[in-house]
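Heads up: the sequence lines are chains D and X, in that order.
Heads up: the first sequence begins at 0 in numbering that gives the first Met the number 0, then just goes up one per residue.
Heads up: the second sequence begins at 0 in numbering that gives the first Met the number 0, then just goes up one per residue.
It is possible that part of the hints are untrue.
[What the hints assert, rightly or not] In the DSS-like style, the derived pairs of lysine-lysine whose C-alpha atoms are separated by at most 30 Å in a straight line are:
id : chain 1 : residue 1 : chain 2 : residue 2
1  : X       : K268      : D       : K162
2  : X       : K22       : X       : K162
3  : X       : K176      : D       : K140
4  : X       : K245      : D       : K162
5  : X       : K22       : D       : K244
6  : D       : K162      : D       : K16
7  : X       : K96       : D       : K96
The set of hints was computed from the structure by calculation and includes no laboratory data.
Everything numeric in this text was worked out from a predicted model, so none of it was measured.
Number of protein chains: 2
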Amino acid sequence: MVGQSNMAGRGYLSDVKQIYDDKIKMLVNGRWQAMTEPINFDRPTSGIGLAASFAGAWRLKNEQEEIGLIPCADGGTSLDNWAVDGVLFENAVFQAKLALRTSRLDGILWHQGENDSFGGLSALYCDKLSIIVDAFRSALKVLDIPFITGGLGNFLGAGRYGKYFNEYNQVNDALLKFSETKPNCYFVTANGLTANEDGLHFDAVSQRRFGIRYFESYFTRKNILAPLDFENELIGIIQDRPLTKKEQGALFEIEFARGRMSLGDLEEKLNCLT
Amino acid sequence: MVGQSNMAGRGYLSDVKQIYDDKIKMLVNGRWQAMTEPINFDRPTSGIGLAASFAGAWRLKNEQEEIGLIPCADGGTSLDNWAVDGVLFENAVFQAKLALRTSRLDGILWHQGENDSFGGLSALYCDKLSIIVDAFRSALKVLDIPFITGGLGNFLGAGRYGKYFNEYNQVNDALLKFSETKPNCYFVTANGLTANEDGLHFDAVSQRRFGIRYFESYFTRKNILAPLDFENELIGIIQDRPLTKKEQGALFEIEFARGRMSLGDLEEKLNCLT
Numbered sequence: 000m001v002g003q004s005n006m007a008g009r010g011y012l013s014d015v016k017q018i019y020d021d022k023i024k025m026l027v028n029g030r031w032q033a034m035t036e037p038i039n040f041d042r043p044t045s046g047i048g049l050a051a052s053f054a055g056a057w058r059l060k061n062e063q064e065e066i067g068l069i070p071c072a073d074g075g076t077s078l079d080n081w082a083v084d085g086v087l088f089e090n091a092v093f094q095a096k097l098a099l100r101t102s103r104l105d106g107i108l109w110h111q112g113e114n115d116s117f118g119g120l121s122a123l124y125c126d127k128l129s130i131i132v133d134a135f136r137s138a139l140k141v142l143d144i145p146f147i148t149g150g151l152g153n154f155l156g157a158g159r160y161g162k163y164f165n166e167y168n169q170v171n172d173a174l175l176k177f178s179e180t181k182p183n184c185y186f187v188t189a190n191g192l193t194a195n196e197d198g199l200h201f202d203a204v205s206q207r208r209f210g211i212r213y214f215e216s217y218f219t220r221k222n223i224l225a226p227l228d229f230e231n232e233l234i235g236i237i238q239d240r241p242l243t244k245k246e247q248g249a250l251f252e253i254e255f256a257r258g259r260m261s262l263g264d265l266e267e268k269l270n271c272l273t
Numbered sequence: 000m001v002g003q004s005n006m007a008g009r010g011y012l013s014d015v016k017q018i019y020d021d022k023i024k025m026l027v028n029g030r031w032q033a034m035t036e037p038i039n040f041d042r043p044t045s046g047i048g049l050a051a052s053f054a055g056a057w058r059l060k061n062e063q064e065e066i067g068l069i070p071c072a073d074g075g076t077s078l079d080n081w082a083v084d085g086v087l088f089e090n091a092v093f094q095a096k097l098a099l100r101t102s103r104l105d106g107i108l109w110h111q112g113e114n115d116s117f118g119g120l121s122a123l124y125c126d127k128l129s130i131i132v133d134a135f136r137s138a139l140k141v142l143d144i145p146f147i148t149g150g151l152g153n154f155l156g157a158g159r160y161g162k163y164f165n166e167y168n169q170v171n172d173a174l175l176k177f178s179e180t181k182p183n184c185y186f187v188t189a190n191g192l193t194a195n196e197d198g199l200h201f202d203a204v205s206q207r208r209f210g211i212r213y214f215e216s217y218f219t220r221k222n223i224l225a226p227l228d229f230e231n232e233l234i235g236i237i238q239d240r241p242l243t244k245k246e247q248g249a250l251f252e253i254e255f256a257r258g259r260m261s262l263g264d265l266e267e268k269l270n271c272l273t
């Protein structure tokens, strides 16, 4: 997971049903743990991103397998911030190498571009991103790994910060051109997705839909140029997946540790599970 | 910030006034940002730790300077998990090296031991920790850097998980012995500090007090073997520090981005600041 805030996720947690599946992991301090959202805690505002429903869709196709997410996105960052040898790039490579001690790398999810949507930067987007992708693939020795990109929201021009992003259409053109010319790189449209009140960040439901599109692109190795008619159905299946007793217990333990459940209630609920 | 859950912090956010000071930074993805709590997001349960009041106390002595925190603690980890060449150790060294690109390392804060409080592990504590400290200092080329440790809570034997930690007194003895024999290593007592309902994690107020003790140890280069009579007074000064307009605006922007303030309210509040 690399890019800026819309990869990290800013959807409100209260707007969607949580996705919890102990075969979906996230990397923290170099170790795998069961995924909870927010996954990519880059800011106090981090929330729902696209990776959870991506992983949920992956699990529907891989019932016995585990998937791990490596959160490295950072809000407000430009392609220059992601330049090779910069801290973001090096941290992402380092985290991926920690993950490689126990796992296999199978895809890179990218969403970025708002901070290259002004001042003529969009004209440089394709070439700059190409260098970064080559460097990731080379540093991690995964030359053919799929690299999935997504479009910027069509709401960007209108919101509170819209005047800053007057080249977002050109960035979307660049991302599409990039995916059409670079091997194993793909583009996923943001058409039909909506924003938080800030007019900048995809809302939680849109992030769930975006994750389904990202997975479809990853799975079919194709660009996704229009919304998919099964997005909402798949989200429902993923979010309504029945929890195992072990998963229910783990969620109760989290609620207790956060001070949202008394010890008596915890013990009663755990007893009911056994 | 290295160690296990009580270094990461599990105090409830709602139990204390937040500490916000844009001269206190935290490292995320290799970049500095203004600190907000939770600082060390190792689990969905992470909350108030000792580092925020430590940094607040540091700021009272360094009015024009910035301090940065590097969160690397991970809940439930043992000294063996922290062994040299393991992912926790390597991640902490890597994050510190990223910080060194723009900063100077000035101290290492350690709290760990619950997961070495059973099965005879306490007898090995001092030697294992000594190897880790030597390796941190050597890898980061800071051979004289102060290394501050803190005691395990006296509540540990009694709580829900107490039966697992029947050597916690021996670990406290080992930590004290370690600080008395190892150069530039110090011990801070946990006497008088209290726990969440889990009987395992320091509550938020206790973490604030613990941070004051850690700072006093860092500042005086001495062990702190009893509670300090000025703990509550200092906490009040730190938490009640008047915010600048820029800081107030930043906090309003966070509330808005989290969906807890409308756009109209945000703009009205920002207007009132100018």
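Results for each hint:
1. Restraint check: the Cα-Cα separation between X:K268 and D:K162 comes to about 21 Å, which is no more than 30 Å; the hinted pair holds.
2. Note on X:K22 and X:K162: the hinted pairing is violated, with a Cα-Cα distance of about 42 Å set against a maximum of 30 Å.
3. With a CA separation close to 47 Å, the supplied pair X:K176 and D:K140 exceeds the 30 Å bound.
4. Simply put, X:K245 and D:K162 have alpha-carbon atoms about 22 Å apart, close enough for the 30 Å limit, and the pair holds.
5. Between X:K22 and D:K244 the CA atoms are separated by roughly 46 Å; this puts the pair beyond 30 Å, and the hint is violated.
6. Restraint check: the Cα-Cα separation between D:K162 and D:K16 comes to about 33 Å, which exceeds 30 Å; the hinted pair is violated.
7. At roughly 17 Å between alpha-carbon atoms, X:K96 and D:K96 fall within 30 Å of each other, so this suggested pair holds.
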